[in-house]
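Protein sequence lines, in the order shown, are assigned to chains Z and H. So for the first sequence, the working numbering puts the first residue at 9; every next one is plus one. So for the second sequence, the working numbering puts the first residue at 552; every next one is plus one.
Since the hints were derived computationally from the structure, they do not count as laboratory data. All residues carry an ideal CB built from backbone N, CA and C; glycine is no exception. Keep in mind that a hint or two might mislead.
To be verified - So these bits of chain Z aren't anywhere near chain H, every CB distance computed over 12 Å:
{"#": "1", "residue": "Ser11"}
{"#": "2", "residue": "Phe12"}
{"#": "3", "residue": "Arg18"}
{"#": "4", "residue": "Ala33"}
{"#": "5", "residue": "Val36"}
{"#": "6", "residue": "Ala56"}
{"#": "7", "residue": "Gly70"}
{"#": "8", "residue": "Lys111"}
{"#": "9", "residue": "Tyr129"}
{"#": "10", "residue": "Thr135"}
Unchecked claim - According to the in silico footprint, chain Z covers these stretches of chain H (three or more CB under 8 Å from chain Z):
{"#": "11", "segment": "568-581"}
{"#": "12", "segment": "590-597"}
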Amino acid sequence: MMSFISPRLRKPVGIAVAGAVFAAAWLVRGGPLWWVSIPVVIATAARAVSWYRMGGDDTDEGALAGSRADERQQLVSLRSRALACNLAVVAAFAGLTAAVALKASWWWPFVVILAVAGFGYLLGLSTYSIADEDPANDDEDAGQQARPPVNR
Amino acid sequence: MRNRVREQRTQRGLSQAELAAALGVSRQTVISIEGGRYLPSLPLAFAIARFFDLTVDKMFDPDGEEAGA
């Protein structure tokens, strides 16, 4: 579906959809805090517009915001996301440890975060590793002994 | 790893933006490759070498030290 949307619009549209869903959640929740959905919509619109404008910049950030990143910029983004995930896992572990020490009842969200991160990592290994490739391409599986590298 | 991208580009009187457009990458990536801060993928290395009518091993020297590295 995203291919039908102009690259520069993809991230702003994603932000707008996420913000609209979050604002709708506040409306569905109802009660005296229904009005929170209004600032959510305003903040979402402002963020979507700022990402659209950034998408026109001739910078790495602009290329990522405009969904036109080349291989280096995609690698930078990938490493940044891996770092963010590592930090989230460390923070979740620290939170879980604190919750256990304090005998608090709010330990389980940290377990959920750690479980999702662990599952995501295993999913990544099974998706991107060579394990699911054709065994015929593997010397070891094909019964051929791997030769040691030749010294120059 | 030393490379001859900047040398070849300036010899041909090209700007970094022109080379980037020809290779289909960003100007920032050309700057990073020239500065030795980014090693291009094999397809991009071949594209660079082909663009300058050189072989990959003439374009990129794995034994060479980047100036200032």
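Each hint, compared with the structure:
With a least beta-carbon separation of about 18 Å from chain H, serine 11/Z lies farther than 12 Å from that chain, consistent with its non-interface assignment. The non-interface label for phenylalanine 12/Z is consistent with chain H: the shortest C-beta to C-beta separation is roughly 22 Å, beyond 12 Å. In this structure arginine 18/Z is separated from chain H by more than 12 Å, as the shortest Cβ-Cβ distance comes to about 17 Å. Here alanine 33/Z stays apart from chain H, with its beta-carbon at least about 38 Å from theirs, past the 12 Å limit.
Once the 12 Å rule is applied to beta carbons, valine 36/Z is consistent with being away from chain H; the minimum gap is 42 Å. Remark: the non-interface label on alanine 56/Z is consistent with the geometry, its nearest Cβ contact in chain H lying 23 Å away (cut-off 12 Å). For glycine 70/Z, the condition that its CB be more than 12 Å from all CB atoms of chain H is violated, with the nearest at approximately 9 Å. Listed as a non-interface residue, lysine 111/Z keeps its Cβ farther than 12 Å from every Cβ of chain H; the least gap is roughly 50 Å.
At roughly 24 Å, the least C-beta separation between tyrosine 129/Z and chain H is larger than 12 Å, which holds for a residue marked as non-interface. With a closest Cβ-Cβ approach of about 20 Å to chain H, threonine 135/Z is found to remain outside the 12 Å limit, as its non-interface label requires. Only residues whose C-beta sits within less than 8 Å of a C-beta in chain Z count toward coverage, and the segment 568-581 of chain H has 6 of them, enough to reach three; the restraint holds. For the segment 590-597 of chain H, the assignment as covered by chain Z holds, since 3 residues bring a beta-carbon within under 8 Å of that chain's beta-carbons and 3 suffice.
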